[in-house]
Amino acid sequence: MSTRNPASVAPKPSRIIIADDESLIRLDLREMLTHIGYDVIAEAGDGRTALDLARKLRPDLMVMDIKMPDLDGIAAAEELTREKIAPVVLLTAYSDQALVERAKEAGVVGYVVKPFRETELMPVIELSLARFDEFRSLEREVGDLKEALETRKLIERAKGVLMEAHGLRESEAFHRIRKTSMDARKSMKEVAEAILLTHEMDFGGGATEPSPTVSRP
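Residue numbers for the sequence shown follow full-length UniProt numbering, so the first one is 1 and each next one is one higher.
Don't read these hints as lab results, they were simulated from the structure. Even for Gly, the Cβ is constructed at its ideal location relative to N, Cα and C. Hints are supplied without guarantee of correctness; some may be wrong.
[Claimed, not checked] Once the Cα atoms are required to be at most 27 Å apart in a straight line, the calculated DSS-like pairs of lysine-lysine come out as:
{"hint": "1", "residue 1": "Lys186", "residue 2": "Lys153"}
{"hint": "2", "residue 1": "Lys104", "residue 2": "Lys84"}
{"hint": "3", "residue 1": "Lys104", "residue 2": "Lys179"}
{"hint": "4", "residue 1": "Lys114", "residue 2": "Lys104"}
{"hint": "5", "residue 1": "Lys104", "residue 2": "Lys153"}
[As the list claims (entries may be wrong)] Label-pair restraints from in silico Cβ distances:
{"hint": "6", "residue 1": "Lys186", "residue 2": "Lys84", "range": "39 to 49 Å"}
{"hint": "7", "residue 1": "Gln97", "residue 2": "Arg30", "range": "46 to 56 Å"}
{"hint": "8", "residue 1": "Met201", "residue 2": "Asp21", "range": "27 to 37 Å"}
{"hint": "9", "residue 1": "Gly45", "residue 2": "Met201", "range": "47 to 57 Å"}
{"hint": "10", "residue 1": "Met201", "residue 2": "Gly167", "range": "17 to 27 Å"}
Model the full assembly from the supplied sequences, consistent with the hints where possible.
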């Protein structure tokens, strides 16, 4: 009898809820996400329904339009972050810096500008999932949601410094901060602060920060 190698078993696809007040957008989005291997478990036409579904079904990710009736995508994302349910990728027809800043404050790390293509979705989704895992690691470390959000801002800036100075990818920069934290037995916040202080002493300037992942046509 043959045995299956556990390493050969495909991982379970991420479970996604989609929300947009335009049914045609939801249809296109469902087809695209399913085609690239995700599991669309529910959909909603407004922000309040999307939030209720998220609380009930506990998805891995939410993909939501930024402008929806009842509750917009950013307000829903803020609730999802506060309740630690799932990361959010926003869909928007606008590339507005004020909206980007509001989205960042709400905990959103990825958004896609309409009209979008199938190939643009996966990188944004995967990075959003990875950053949400980072956020949960931070919260476990500091034990407080507000402090975790502030710590994440420091780490984002420190990652930007490492990426620019050493040509690292974002995931590599985060891994370096986490490894240094473990090796030095210091918190990731302390490591990030040390990186930023060293950067400011060496270059006398502010640190860059990775922008929310944006996919444009």
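Results of checking the hints against the structure:
{"no.": "1", "hint": "Lys186 / Lys153", "in the structure": "holds (18 Å)"}
{"no.": "2", "hint": "Lys104 / Lys84", "in the structure": "holds (15 Å)"}
{"no.": "3", "hint": "Lys104 / Lys179", "in the structure": "holds (26 Å)"}
{"no.": "4", "hint": "Lys114 / Lys104", "in the structure": "holds (19 Å)"}
{"no.": "5", "hint": "Lys104 / Lys153", "in the structure": "holds (10 Å)"}
{"no.": "6", "hint": "Lys186 / Lys84: 39 to 49 Å", "in the structure": "violated (25 Å)"}
{"no.": "7", "hint": "Gln97 / Arg30: 46 to 56 Å", "in the structure": "violated (30 Å)"}
{"no.": "8", "hint": "Met201 / Asp21: 27 to 37 Å", "in the structure": "violated (50 Å)"}
{"no.": "9", "hint": "Gly45 / Met201: 47 to 57 Å", "in the structure": "holds (53 Å)"}
{"no.": "10", "hint": "Met201 / Gly167: 17 to 27 Å", "in the structure": "holds (21 Å)"}
Of the numbered hints listed earlier, those contradicted by the structure are 6, 7 and 8.
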